[in-house]
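Read off the chains here:
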Amino acid sequence: MGELTKIYGRGLTFLFVGLVTIWILLMIVVPQIRMIERAFTFEDRGGETAMLALDIDHAYTEKFQIEQQLLTLQQQGSSGTKSSPAAPSPFTPSMTVPGAAPTAPGPGLAPSPSASPQNAMSAEERQAEAADLRSQIAALESRITDMEAQEDTSSGEAGMKERLSLDNFTTMSALHFKIFLMTLLYAFTVTVFAFVICYPVAYAAAMAESRNKLTLILIGLVIPYAINELLRIFSWVMILEKNGILNAFLDGIGIIDMSAGEGFRFVASNGAVFTVMVYAYVLFMVFPIYNTIDTLDKSQIEAARDLGASVWKIHTRVVIPHAKPGIAVGSIMTFMLSAGSIAAPEIVGRGMHPDWFSQLIYRRFFEADSWNQGSAYSLALLTACIIFILITMAIFKVGVKDIAK
Amino acid sequence: MSGQDVELTGVSMTYPNGFTAVQPTDLTIKAGEFFSILGPSGCGKTTILRMISGFLDPTTGSIAIGGEPMIGIGPNHRPTALIFQSLALFPLMSVWENVAFGLEARGVSKTARRKRAEELLDLVALSDQEDKKPGELSGGQRQRVAVARALAVEPAVLLLDEPLSALDLKLRQHMRAELKDIQRKTEVTFIYITHDQGEALAMSDRVAVMNEGAIDQVASAEDLYNHPNTPFAATFVGEQNVFSGKVKTVANGHAQVETPHGMLLGMNKHGLSTGENAIVMVRPERIYLEDRKDRLGPLPNELNRIEARLQRRDLEGALINMYLDAAGHSVHVNLHNTGDATLGAQDDHMLLFTPDDTVVMRPGPMARDKA
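Those protein sequences? They're chains A and B, same order as listed.
Heads up: the first sequence is residues 1 to 405, going by the working numbering.
Heads up: the second sequence is residues 1 to 371, going by the working numbering.
Bound conformation, chain A alone (with noise of 0.2 Å):
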């Protein structure tokens, strides 16, 4: 602090501090901490708090439809008379909607009969008819208020029982469990993959004496870069489709015939998603080997070679340990970011290939709608990635300094 404030003079430094602590505080401490806290807040779903939420969610929902009902009776009764009696109305039959009548619990629920298109009603019998349903709406909307007096006086305000639990976690179904491990491992296979594409290509650009080939091939790798992910996700799309240039491809050389309507699917599998994610990734993994083995004395090489070691010799012995920071960075960044990627598997996955724990997240938090048990998914997601990151460097022997150089 004392040197900051030399260098910058008062004004700037506090500028400066200020600044990261609102980020850090703003950005980091404080949504973790949310987060935290709904992973271990439980929402009891299934208790009778939750089942009287429910019911009166269904009860509201009955009241919409009734009052619907009763709206049609009343067009029809104005429109009737101008109108030609054969002209029926097209909202009638779809007003009435039978499947949504079984989940609606109590007694004198079930849509009226009379609610059917009757072209030819009297005036009288639509009278009747509206009174009906005007007694109806009226039983529903005593019941709705005893239930939400009963839930006030039974709960908070959120309709729900929450507590102080594990519950989240220890609810996680065993199929969810088993989608877990099985991206830790999706996500590790992938940094595999990329590791044994980026390193001879990292190794190629850090030992290549020409200045052009250099830059060739860092333009190969940059300039895919400048694109946005989606749309290097979706450019692999159109190579994988069923009708894609891959298939067009081997429609060409005459291995298969596309317009007998034959090819493969290649999207929509885990090898698919490996592919793409691999490309995506790749970048993280070929920047810091590359920059690592940039600082390797290149008469090492030489001098191992001369002392008479094989090429696999030369690598083991003596790039890959020099390599070891780089090769840890670009593992946990490649983990990391795939194993919570989710628009590679979403995008070419396709919901026909196994899921990856990032798409279950996501229907947690928007199709499930328990974000408690979204925050418990992906806190339980980003131990394992910070354990990942720890053995990483435990079995590297690489240390944080190492990692920041």
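By construction, these hints were calculated from the structure, which means they are not laboratory data.
Predicted, not measured: the structure shown is a model, and the values here were computed from it.
Where a beta carbon is used, it is the ideal one built from N, C-alpha and C, also for glycine.
Each hint can be trusted.
To spell it out: a stretch of chain B is covered by chain A in this simulated footprint if at least three of its residues, at any positions, have a beta carbon under 8 Å from a beta carbon of chain A; those stretches are: (1) 66-80; (2) 94-105.
Partner residues are not named here, just some residues of chain B that face chain A (Cβ under 10 Å, in silico): (3) R50; (4) I83; (5) F84; (6) S86; (7) L87; (8) A88; (9) L89; (10) F90; (11) A150; (12) A152; (13) L159.
Go by the hints and put chain B onto chain A.
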């Protein structure tokens, strides 16, 4: 361990960009010899070394080691070991692992490797440092590790690429003696690349002087210094005062040259004849001051004489360096420090040097700045 001879026949090297680093060269290095290649940076000496070690393929010509042709054989399969200028020790391996790396590459068992590494570290007087990392050693110790590592693969030819250039003067002088000693013990052929004439002269059995991709002269250290054959060898090794002029008369292996400083008589090295352009060279330490000639014992009757005026007089310990001006031409003279503070201190001098110490050659390329 024993050395093998190295034979270069018509070897040349032209890089893809058209630069010719080495002109067609014939060179034979005898088994068990300490051979130096001396030249300024960029003269092609490192290229020759890399061709012998197998990292470069010559454009033309052939290389044989111990009679075996070497073209097309990679560096890992040649009976050579190279000590790099940067040493190129493996920083993540311990000292003994470094030394044993060549054996590891050959699949020798760990216990045998360790034993051999210890023997070699004994040879280079590093026996108690085997478990340290190279980074924990001093410059001279690292140097010795590099030598031990190269010797571990029992090479017939050890190639050294200016390995002492990173050391300070005292250590460098000490390592010269050690390298020479190791060479004598192991009888391996040493090919030593340097731009430092002191290193080359002190250690070598023979020295090749290289300039602009061509070998100028191959001779023993004494011969090279005392009887250089070319203006380049004469000026690159040691210092020379150079005067140019025209040959006036030729007699008894001597030539008399007319220069702006008067007639100078010297050994007619290139057999010049009357009327030819010539350069006359004499070393600074072979020039005497007239008023101090009593210290030299008898001088021949015939002496070259040049009048000069003192510009600067620097004491350099054992020597006194005098820089004089002879009719617009600067002359450098070395005097032995006799302890007399007035030695050569006056302004005007008559410089004397014997015809036998003076060399007359055909003009040619000369060493400009020596590093």
